[in-house]
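Participant: Produce the complete structure using the sequences and hints provided.
Number of protein chains: 2
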Amino acid sequence: MKIGIIGSGNVGGTLGTRWAKNGHGVMFATREAGSAKMTKLLASAPGAGSGTAEAVARVSDVLLLAIPWSAAEEALKSAGDLSGKIIIDAINPVLPDLSGLAIGTTSSAGEMVASWTPGAKVVKALNTVGYYVMADPTFAQGPVTMLYCGDDADAKKAVAPLIAELGFDPLDAGPLTQARLLEPFAMLWISLAMKQGYGRDIAFRFIRRAG
Amino acid sequence: MKIGIIGSGNVGGTLGTRWAKNGHGVMFATREAGSAKMTKLLASAPGAGSGTAEAVARVSDVLLLAIPWSAAEEALKSAGDLSGKIIIDAINPVLPDLSGLAIGTTSSAGEMVASWTPGAKVVKALNTVGYYVMADPTFAQGPVTMLYCGDDADAKKAVAPLIAELGFDPLDAGPLTQARLLEPFAMLWISLAMKQGYGRDIAFRFIRRAG
Numbered sequence: 001m002k003i004g005i006i007g008s009g010n011v012g013g014t015l016g017t018r019w020a021k022n023g024h025g026v027m028f029a030t031r032e033a034g035s036a037k038m039t040k041l042l043a044s045a046p047g048a049g050s051g052t053a054e055a056v057a058r059v060s061d062v063l064l065l066a067i068p069w070s071a072a073e074e075a076l077k078s079a080g081d082l083s084g085k086i087i088i089d090a091i092n093p094v095l096p097d098l099s100g101l102a103i104g105t106t107s108s109a110g111e112m113v114a115s116w117t118p119g120a121k122v123v124k125a126l127n128t129v130g131y132y133v134m135a136d137p138t139f140a141q142g143p144v145t146m147l148y149c150g151d152d153a154d155a156k157k158a159v160a161p162l163i164a165e166l167g168f169d170p171l172d173a174g175p176l177t178q179a180r181l182l183e184p185f186a187m188l189w190i191s192l193a194m195k196q197g198y199g200r201d202i203a204f205r206f207i208r209r210a211g
Numbered sequence: 001m002k003i004g005i006i007g008s009g010n011v012g013g014t015l016g017t018r019w020a021k022n023g024h025g026v027m028f029a030t031r032e033a034g035s036a037k038m039t040k041l042l043a044s045a046p047g048a049g050s051g052t053a054e055a056v057a058r059v060s061d062v063l064l065l066a067i068p069w070s071a072a073e074e075a076l077k078s079a080g081d082l083s084g085k086i087i088i089d090a091i092n093p094v095l096p097d098l099s100g101l102a103i104g105t106t107s108s109a110g111e112m113v114a115s116w117t118p119g120a121k122v123v124k125a126l127n128t129v130g131y132y133v134m135a136d137p138t139f140a141q142g143p144v145t146m147l148y149c150g151d152d153a154d155a156k157k158a159v160a161p162l163i164a165e166l167g168f169d170p171l172d173a174g175p176l177t178q179a180r181l182l183e184p185f186a187m188l189w190i191s192l193a194m195k196q197g198y199g200r201d202i203a204f205r206f207i208r209r210a211g
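Heads up: the sequence lines are chains A and B, in that order. Sequential numbering from 1 applies to the first sequence in our numbering. Sequential numbering from 1 applies to the second sequence in our numbering.
Hints were generated in silico from the structure; no laboratory data involved. Fair warning: there could be bad hints in the mix.
No copy labels: a pair is met if it fits in one copy or bridges any two.
Claimed, not checked - Here are the simulated PhoX-like cross-link-like pairs (lysine-lysine), alpha carbons at most 25 Å apart as the crow flies: (1) Lys40 - Lys156; (2) Lys40 - Lys2; (3) Lys195 - Lys21; (4) Lys77 - Lys156; (5) Lys195 - Lys157; (6) Lys157 - Lys85; (7) Lys2 - Lys156; (8) Lys85 - Lys195; (9) Lys157 - Lys40; (10) Lys21 - Lys156; (11) Lys2 - Lys21; (12) Lys21 - Lys37; (13) Lys37 - Lys2; (14) Lys157 - Lys2; (15) Lys156 - Lys195; (16) Lys157 - Lys21; (17) Lys37 - Lys157; (18) Lys77 - Lys195.
Facilitator: And the structure:
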């Protein structure tokens, strides 16, 4: 399968190189043909070539989008007619300071709850799995991870053991604004369990390379 | 630690009962003292009591919120002054048909990309971990799960093997609107890796009870 890479940074470079090593014909889109960076990338990706976004799109069955969000619309328009192409969109519309998403998330129930309870110490937690999992969070693969977030360190220190004693692996996800991420994470669980056919005995486990 | 449960449905009932069995003093808020449901719940939760939301809040160190989003504001106001209390907010502002969140999510880069590429088959994927993990998604705990979503079944069938051959465990998360959940999921990874001190060799693994 011929794969075009729109955006040859860390993500596009890593994936394009790996797919090339797996035997796919890989083309990297570039506006700097012959640059040191592109030369190095092509040397590491067996059989890969490069070209303008339009040329790459024309010869590819699949396009990986791995460009910054701010460059996405222009890059797609410069790639010409993409009708019928398969596009793998790996873009995240992240704000430059990594404080959140530039589009798509606006608020959270956690923050609203805090606004309705002045002086209270709100910890968002125990929202990311269903009650089936809450009844017993011990899976063969290990305990289910329970993310929590909040702005009061002492409140988090009090809540984490309450989560742990239920059998979860508690994980501090940061300040209360992270509820903007934990609530969609919960919605993901709900949709997988209830709409996508995976059932309610599912969960996510946070894993680290070290094991 | 005294724990008050605001919302005695599946979530509040499960967690309140488990905390009661662990030896905490648990109080369930109810407007239906003496109802069959509350009597059954109290019978299963050792030492637990019930009362109005205000009475429960007054005697509790920690309050679990497990009420529907639509009832949250009123319930919190009826609970009186909560200043200084620790509130565990387990509410998800889910739409009645489970199609998404009522607040906080509005759109996604994936849907925007599709709007800019008429006729193309957009699959949101490979956005939820960093390139360090993409270079090698094999962890001691098993392969990293890679969620993907899109509206074209054939495109998803083409993309899933491209993900699998990289060493990921591909998981179909449904239609392209699910990008509204996969992008915050990515933002969660980014924030944990870059802001919360967990580093870039982290990931989430989808687990099932059976496996």
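Participant: Now, for every hint given, state plainly whether the structure supports it.
Facilitator: Right, here's what the structure says about each hint:
no. : hint            : in the structure
1   : Lys40 - Lys156  : neither (47 Å within a copy, 31 Å between copies)
2   : Lys40 - Lys2    : within (21 Å within a copy, 62 Å between copies)
3   : Lys195 - Lys21  : neither (37 Å within a copy, 33 Å between copies)
4   : Lys77 - Lys156  : between (47 Å within a copy, 23 Å between copies)
5   : Lys195 - Lys157 : between (35 Å within a copy, 19 Å between copies)
6   : Lys157 - Lys85  : between (50 Å within a copy, 14 Å between copies)
7   : Lys2 - Lys156   : between (49 Å within a copy, 16 Å between copies)
8   : Lys85 - Lys195  : neither (28 Å within a copy, 36 Å between copies)
9   : Lys157 - Lys40  : neither (48 Å within a copy, 32 Å between copies)
10  : Lys21 - Lys156  : between (46 Å within a copy, 22 Å between copies)
11  : Lys2 - Lys21    : within (13 Å within a copy, 59 Å between copies)
12  : Lys21 - Lys37   : within (18 Å within a copy, 61 Å between copies)
13  : Lys37 - Lys2    : within (22 Å within a copy, 60 Å between copies)
14  : Lys157 - Lys2   : between (51 Å within a copy, 15 Å between copies)
15  : Lys156 - Lys195 : between (32 Å within a copy, 17 Å between copies)
16  : Lys157 - Lys21  : between (47 Å within a copy, 21 Å between copies)
17  : Lys37 - Lys157  : neither (47 Å within a copy, 33 Å between copies)
18  : Lys77 - Lys195  : neither (34 Å within a copy, 34 Å between copies)
Figure legend: structure checked against the earlier numbered hints; hints not met, in rising order: 1, 3, 8, 9, 17 and 18.
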